[in-house]
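Novice: Residue numbers (my numbering), protein chains in the order written: chain A, 1 to 115; chain B, 1 to 114.
Treat the hints as calculated values from the structure; they're not laboratory data.
Glycine included, C-beta positions come from ideal geometry on N, C-alpha and C.
One should not assume that every hint holds.
What the hints assert, rightly or not - The calculated lysine-lysine pairs, modelled on DSS-like cross-linking and capped at a C-alpha distance of 30 Å, are:
1. B:Lys55 x A:Lys102
2. A:Lys58 x A:Lys69
3. A:Lys69 x B:Lys20
4. A:Lys58 x A:Lys102
5. A:Lys71 x A:Lys102
6. B:Lys66 x B:Lys20
7. A:Lys49 x B:Lys41
8. B:Lys14 x B:Lys55
9. B:Lys14 x B:Lys41
10. A:Lys102 x B:Lys41
11. B:Lys64 x B:Lys14
12. A:Lys71 x B:Lys64
13. B:Lys20 x A:Lys58
14. A:Lys71 x A:Lys58
15. B:Lys41 x A:Lys58
16. B:Lys20 x A:Lys102
17. B:Lys64 x B:Lys20
To be verified - Okay, the calculated beta carbon distance ranges per label pair:
18. A:Ala1 x B:Pro40: 33 to 41 Å
19. B:Asp65 x A:Asp8: 32 to 40 Å
20. A:Thr55 x B:Asp65: 21 to 29 Å
21. A:Lys58 x B:Phe28: 21 to 29 Å
22. B:Asp65 x A:Gly62: 19 to 27 Å
23. B:Asp27 x A:Tyr39: 15 to 23 Å
24. B:Lys55 x A:Lys69: 21 to 29 Å
What the hints assert, rightly or not - Beyond 12 Å from chain A on every Cβ pair, some chain B residues (computed):
25. Gly1
26. Arg10
27. Ile12
28. Cys13
29. Val19
30. Phe34
31. Gln38
32. Gln42
33. Leu46
34. Glu59
35. Leu74
36. Thr75
37. Ser83
38. Asn101
39. Glu102
40. Leu114
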Amino acid sequence: AQSVTQLDSQVPVFEEAPVELRCNYSSSVSVYLFWYVQYPNQGLQLLLKYLSGSTLVKGINGFEAEFNKSKTSFHLRKPSVHISDTAEYFCAVSDRSQNTDKLIFGTGTRLQVFP
Amino acid sequence: GAVVSQHPSRVICKSGTSVKIECRSLDFQATTMFWYRQFPKQSLMLMATSNEGSKATYEQGVEKDKFLINHASLTLSTLTVTSAHPEDSSFYICSAIQGVNEQFFGPGTRLTVL
């Protein structure tokens with residue numbers, strides 16, 4: 001079964017600094033990969049997704065992620081964070097071989113941006 | 001963009017009562033919706049897949065008699081927590097599929113069982 005690992009439960013960073021949130025998934029023939037953001041007491045908002053094609057994916061709010069098949073990773077990056085980026089970030093994977101839209105989520109990374 | 005709503009946003013009930021949560025796709029039709037449960041500071045756990053016009057598919061370990069799902073139309077799925085107990089207190093989130101490989105999530109429902 002597919003699984004997703006987010007190595008950092010919390011990432012503290014100062015405003016305007018770069019950040020990387022790490023995500024690894026278990027090996028599979030082919031997957032779709034997603035990053036979602038969740039603000040307190042709210043649902044999830046899609047930041048970006050990788051379905052196929054270019055391994056560098058650009059999303060909303062200045063975020064981007066790079067799909068690395070050999071390392072089974074899909075790390076999320078932003079060159080300069082804002083206070084408003086403080087939130088919980090979830091990496092998720094959908095196994096294409098299962099022909100289903102089910103998402104398997106990682107445990108989440110709490111990004112805390114300090115002034 | 002696609003919008004998914006949930007109602008209510010918060011509900012407090014007494015132990016033993018049943019609670020219904022609605023999930024609506026406001027500007028699109030969704031043949032498939034998902035229900036998730038999220039405990040404090042934890043990830044989302046898929047509970048079930050709700051399919052319009054057919055029975056829901058439950059994930060392993062989820063009691064289908066406890067969590068009743070009805071997908072009566074292409075824009076509405078409901079989750080009923082029957083005979084709720086304090087351990088059912090959680091944040092319940094639904095999502096709806098639009099297009100290819102994209103789930104749109106509702107804002108969630110905070111259930112507190114006293």
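Novice: Hint by hint, note whether the structure agrees.
Specialist: For each hint, the structure was consulted:
Of the pairs offered as hints, the one joining lysine 55 (chain B) and lysine 102 (chain A) holds, with about 17 Å between alpha carbons and a cut-off of 30 Å not exceeded. Proposed proximity of lysine 58 (chain A) and lysine 69 (chain A) is supported: the alpha carbons are some 17 Å apart, at most 30 Å. Proposed proximity of lysine 69 (chain A) and lysine 20 (chain B) is contradicted: the alpha carbons are some 42 Å apart, above 30 Å. Taken as a hint, the lysine 58 (chain A) and lysine 102 (chain A) pair is honoured in the structure, with Cα atoms around 23 Å apart against an allowance of 30 Å.
A distance of roughly 23 Å separates the Cα atoms of lysine 71 (chain A) and lysine 102 (chain A); the hinted pair therefore holds under the 30 Å criterion. With a CA separation close to 12 Å, the supplied pair lysine 66 (chain B) and lysine 20 (chain B) stays within the 30 Å bound. Among the hinted pairs, lysine 49 (chain A) with lysine 41 (chain B) is consistent with the structure: their alpha-carbon atoms are about 23 Å apart, no more than 30 Å. For the suggested pair lysine 14 (chain B) and lysine 55 (chain B), the alpha carbons sit about 28 Å apart, so the restraint of at most 30 Å is met.
Simply put, lysine 14 (chain B) and lysine 41 (chain B) have alpha-carbon atoms about 24 Å apart, close enough for the 30 Å limit, and the pair holds. Straight-line distance between C-alpha atoms of lysine 102 (chain A) and lysine 41 (chain B) comes to about 21 Å, which keeps the hinted pair within the 30 Å bound. For the suggested pair lysine 64 (chain B) and lysine 14 (chain B), the alpha carbons sit about 21 Å apart, so the restraint of at most 30 Å is met. Taking the CA atoms of lysine 71 (chain A) and lysine 64 (chain B), the gap is near 38 Å; set against the 30 Å cutoff, the hint is violated.
Distance check on the hinted pair: lysine 20 (chain B) and lysine 58 (chain A) sit about 38 Å apart at the alpha-carbon level, beyond 30 Å; violated. This hinted pair checks out: lysine 71 (chain A) and lysine 58 (chain A) have alpha carbons roughly 20 Å apart, not beyond 30 Å. Restraint check: the Cα-Cα separation between lysine 41 (chain B) and lysine 58 (chain A) comes to about 27 Å, which is no more than 30 Å; the hinted pair holds. A threshold of 30 Å between alpha carbons decides the hint, and for lysine 20 (chain B) with lysine 102 (chain A) the separation of about 23 Å falls inside it, so the pair holds.
Our distance criterion of 30 Å between C-alpha atoms is met by lysine 64 (chain B) and lysine 20 (chain B), whose separation comes to about 14 Å. Between alanine 1 (chain A) and proline 40 (chain B) the beta carbons are some 25 Å apart, a value that contradicts the proposed interval 33 to 41 Å. At about 39 Å, the CB distance of aspartate 65 (chain B) to aspartate 8 (chain A) agrees with the hint of 32 to 40 Å. Threonine 55 (chain A) and aspartate 65 (chain B) have their C-beta atoms about 45 Å apart, which leaves the hinted 21 to 29 Å range violated.
At roughly 25 Å, the beta carbons of lysine 58 (chain A) and phenylalanine 28 (chain B) sit within the given window of 21 to 29 Å. For aspartate 65 (chain B) paired with glycine 62 (chain A), a C-beta distance near 46 Å fails the hint of 19 to 27 Å. Take aspartate 27 (chain B) and tyrosine 39 (chain A): their Cβ atoms lie about 22 Å apart, and the range 15 to 23 Å holds. Taken as a hint, the range 21 to 29 Å is violated for the pair lysine 55 (chain B) and lysine 69 (chain A), whose Cβ atoms sit roughly 37 Å apart.
Its closest Cβ contact with chain A, about 10 Å, brings glycine 1 (chain B) to no more than 12 Å, contrary to its assignment away from the interface. A beta-carbon of chain A comes within 12 Å of the beta-carbon of arginine 10 (chain B); the shortest separation is about 9 Å. Residue-level check passed: isoleucine 12 (chain B) sits 15 Å from the nearest beta carbon of chain A, beyond 12 Å. With a cut of 12 Å on Cβ distances, cysteine 13 (chain B) stays outside the contact zone with chain A, its closest approach being about 18 Å.
Residue-level check passed: valine 19 (chain B) sits 18 Å from the nearest beta carbon of chain A, beyond 12 Å. For phenylalanine 34 (chain B), the non-interface assignment is contradicted: its Cβ lies about 7 Å from the closest Cβ of chain A, within the 12 Å cut-off. Residue placement check: glutamine 38 (chain B) does not keep its beta carbon more than 12 Å from all beta carbons of chain A (closest about 9 Å). Chain A draws glutamine 42 (chain B) into its interface by the beta-carbon criterion, the shortest separation being 7 Å against a cut-off of 12 Å.
With a minimum CB-CB distance of about 6 Å to chain A, leucine 46 (chain B) fails to clear the 12 Å threshold, and the non-interface call is violated. Remark: the non-interface label on glutamate 59 (chain B) conflicts with the geometry, its nearest Cβ contact in chain A lying 9 Å away (cut-off 12 Å). Chain A leaves leucine 74 (chain B) outside its interface by the beta-carbon criterion, the shortest separation being 16 Å against a cut-off of 12 Å. Its beta-carbon lying about 17 Å from the closest one in chain A, threonine 75 (chain B) satisfies the requirement of being farther than 12 Å from that chain.
Chain A leaves serine 83 (chain B) outside its interface by the beta-carbon criterion, the shortest separation being 26 Å against a cut-off of 12 Å. The claim that asparagine 101 (chain B) is not at the interface with chain A is violated, since a C-beta of that chain comes within 12 Å of its own (minimum 5 Å). With a closest Cβ-Cβ approach of about 7 Å to chain A, glutamate 102 (chain B) is found to fall inside the 12 Å limit, against its non-interface label. Against the 12 Å criterion, leucine 114 (chain B) stays outside the reach of chain A, whose nearest CB is about 19 Å from its own CB.
In this structure, the hints that do not hold are numbers 3, 12, 13, 18, 20, 22, 24, 25, 26, 30, 31, 32, 33, 34, 38, 39, in rising order.
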